[in-house]
Every structure is written in C-alpha cells, then in structure tokens.
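With this note's numbering, the residue at position 220 of the first sequence is 861, and numbering never jumps.
Derived from the structure by calculation, the hints contain no laboratory data. Certain hints may be false.
[Unchecked claim] With beta-carbon atoms standing in for the labels, derived distance ranges:
#	residue 1	residue 2	range
1	Arg935	Glu814	18 to 28 Å
2	Arg1078	Asp1057	34 to 44 Å
3	Glu667	Gly852	31 to 41 Å
4	Arg866	Pro927	38 to 48 Å
5	Asp810	Asp1057	19 to 29 Å
6	Trp695	Gly1073	37 to 47 Å
7	Gly769	Trp695	30 to 40 Å
8	Leu1076	Glu702	46 to 56 Å
Note that CB positions come from ideal geometry on N, CA and C, so glycine has one too.
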Amino acid sequence: MTRSTEGRASTGDVGIVWFRRDLRLEDNPAWAAATARHDVIVPLHVLDPAVLRWAGPARRERHLAELAALDDELRRIGGRLLLRRGDPVTVVPAEVARLGATAVHLNRGVTPASDRRDAAVAAALPAGAEVLGRWGDLVLAPGSVLTADGSVPKVFTAFWKRWQRARWDEWPEPGDALVTDDAGDGDDLPPATAEAGSTGAHAALTAFLDGPVDDYRAGRDRIDRPATSELSVALHFGTISARRVVEAAGSAGADRQAFIRQLAWRDWYAHLLAAHPQLVDHAMRPELDRIEWRHDPDGFEAWRDGRTGYPIVDAGMRQLAETGRMHNRVRMVVASFLVKDLLIDWRLGERHLRRALIDGDVAQNVGNWQWVAGTGPDAVPYFRVLNPVTQGRRHDPDGTFVRRWVPELRGLPGPDVHAPWELDEATLRAAGVELGRDYPHPIVDHAAARERAIGAYRVARPPAAGDDTRLPAGPARRGS
DNA sequence: TTTTGAGTTGTTCGA
DNA sequence: GTCGAACAACTCAAA
C-alpha cells in the first residue's frame, strides 16, 4: 500500500469495488452504489490464472490494455486500480481483511461458474463483511423479461416485444467517496491503447452513430466494410454500458431500431443462460443431443487453420487466428460449415471461438452456436445450411474480404475468388493458383455435405406421433 | 384447456 | 435475373 491513502482511510468506512467485466466508472451500478455508501473506495481487479488459461492471446493482450485504461481513468480522480493475481476466492477475502473493508461491490455475471465463484468469495469473507451484487452488463437484468408463465421467452420475437416494452430499473447515483491510490501489481501493466477503455469505447460509438448506423440494415452484413458498431469488445469488457449505447442510438428510424435489436439478442442469450445453465453444453431440446457427430480431427484442424478450400471460411478463420476478431456474419458462416458441412459437434467449435475471440463470451457464443446448429432455442428449420459460396458472393460481392486474408488467391478477379474450383485452368494459371498446391481443393462437396447433415438431423429427431414406422428417408423433394 | 398463428440472420427449385 | 413457394414439423406465445 502506498502512503497517502492510509491517512485518508483511517477515518472512514472502506468499501471494495471488485471490477470484472465492467471496466468503467460511468454508468456502473456497483461503482455508484459503493461510492454512495462508503467513505473510501478501493478499486480492485484480480487476474485469475484459471480464467486467463481460457483466453487466447488476443483477449489476454486486450484485457491488460483495458486494465491500464481503467487505471488511467482512476488516476484522473486521484486513485489507482489495485491489481492482484491469484484465485479470487482467496485474494478478495484477504484484501477485505487487510483493508478492513465492510463490503465488496460487484456486478454479476450470468454463467454458473461466475455465480459459484462469487458465492465462494462471499462465504470466505471475514465476519461483518458482505458481497453486494448488482447487474450492470445488460440493458435489462436477467429475470426481468418473462412470458406470462414466468419463463424466458424461447423465441426471439416474443422476447423482443417484451424487451421493448420493459422499463429500466434505475441504477444508483454515485457518491463522492475518496479513492485509494495503491496500484498493487498495476505498475506492470502495458500502456493503454487508443481503442481501449471508456474513451475508446465512446469514440467507437460516436463514429458509428455519425454514419454507419443509418445504413445499418443494408450495411451490417457487408463483411468487406466497417459497417457495424465494432462495439462487441467494449461491451465484453464493460468499458461502455449497454444502456448508454441504447440511449445514444435512440430509436428514430428503422436502421437504429435494427441496431438496438442486436443488443436485445445479446440480452436474450444472457437471460437464457442465466435461466438454463445447462445450455453451455447441452442442446435445449434433448433429442438434438442425439445427433451423431463425426469424429474428424483432420477436418477440425483444416477448419481451425483456415485451409478448408472454401475461401470465405478460410479467410474468416485466418482473420480470427491473427486478430481475435470476426464479423458476426462470418461467424455464422464458419460455424455452419463446421456443424453442417463437416458434421462436427458444435461444442468443439464453440470452445475454439470462445477462446480465440477477443469478445469471447459464454452466453453469446453458446447462444449463437446453438442457433446455427439448430439445437438451441428459437425456431430454426434444421435444413437451414449456409452455403459458403452464396454467402460469400452476397456479403463480400467483390471478394475484398477474401483477398485480404487469403493472399494466395489475390490474383483471382472479383467474386470469382469465392469458388476457385469453378474456374478454368487458364484463369487459375493467370492468377498463379494451382489448386492442391497453392490453395486446397474443397475438403467436402457442399451439396453432398448438406444432404448428409439434413439426414443426420432427421435421424436424431424423434418420430412423429403415429408415425413410428417411418424410415429415415432422403431429403424430401417437393412435387413428388 | 384448447386453438391458432407465427417462428426464421436460409437455400433451392422452377416459373 | 427475379420472384415466390417449398422445405418439415414441430414448439411457442397468446388469445
């Protein structure tokens, strides 16, 4: 502990704000409640090796930059972020005892692991100290958007209707407590980057609201341009509150409405996981856990390393490996490819993306993977299989995105880059591409793989009542 | 309790 | 090239 704080702290009641996924001071319920209640605040962050093990290099690096930015923000009001390393279940109670704190304020997470950890911390606190949890990550807290029977709506549209009607609970107003300036291990942090912290988050929000938002419906699926808010990382670390984003966007016009709707999807997946923790590794409908996934380590590696022979898939996976980022549309395409084209268990892909993405989040990632796999909530026809070539031509019409991440195909002109195997020898030769040498042949035939996936899903489905003699048939054809 | 209409970031086929 | 229907059969929400 550094000098000056001792004197300030000695006269007053001490509270700890344990920052986790809420690395901001503005619009932060735990921070506001703590500064209103205590005389002295200790802002604490714990680097937990067990959590860091599950983060890829891109997220770890950004995590440290975000901590540095929060530390900068605290310095501006005379404080420092107290950084500790270790298991929070021992570290947090030890700090409470050392500082004589009476409460630990935090914003809760929606995963079972997060709740278990917080409960273990609470149980280990010295007598007289307590954990005070709030919700600060979502627009609406879990449990606040329910159907008439008290459950989380299982189709998005029903959730969306109620979400729009719901009123926010007011968050507490911050007080004027003193903030301590003990940095702990914080002096080892790398400098904050320009895009980190609340400053970076608000800059990204402003840039989005100054232009792209008003073409959001048409632009958001364009993977070759910056047409989205790029706020997922800021929302992941909580450097901006989702409520601020909703307020700033307003609701004027269908484009802004479409953008806000995406934040409702985010809330929906969090609400679902909070209510159904088993969604992390089980299909919402049990029969869909019976799908016979293929054991195909080579296929998985080709997918992971970006050499499936499908350019949009490979571009996305290489971008992910290099940067920890991926457009939402591309996430759907690569997920559909693994699950439907390769018929590999969605859980394997989910784990990989969750680790590699900077914004990798259990609730969001699981929700989206289950949506693509058709195993989760929402009405998804099981025959929905994304065609990687169609998706590429539609959302990357000039092939710009592919050429950026798959340099060996740069010589191929325009949208032809999405299906190099369809080109004639002369075109390929002119572009300096020999399939099988410079770039892989497709590892599966999409049309055949699509039929295979539909068949596997059909077999897993329980027979309809009164129809238990039906044999698994080939894909139905209309007009037959 | 029963009924009814809707779901859904898609693809494919044929007119 | 564009358009609409079909895909398959549920489950869900709300009346």
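A quick look at each hint next to the structure:
1. Arg935 x Glu814: 18 to 28 Å: violated (56 Å)
2. Arg1078 x Asp1057: 34 to 44 Å: violated (19 Å)
3. Glu667 x Gly852: 31 to 41 Å: violated (24 Å)
4. Arg866 x Pro927: 38 to 48 Å: Once the Cβ atoms are compared, 41 Å apart, the range 38 to 48 Å for Pro927 and Arg866 holds.
5. Asp810 x Asp1057: 19 to 29 Å: violated (54 Å)
6. Trp695 x Gly1073: 37 to 47 Å: holds (41 Å)
7. Gly769 x Trp695: 30 to 40 Å: holds (34 Å)
8. Leu1076 x Glu702: 46 to 56 Å: Once the Cβ atoms are compared, 36 Å apart, the range 46 to 56 Å for Glu702 and Leu1076 is violated.
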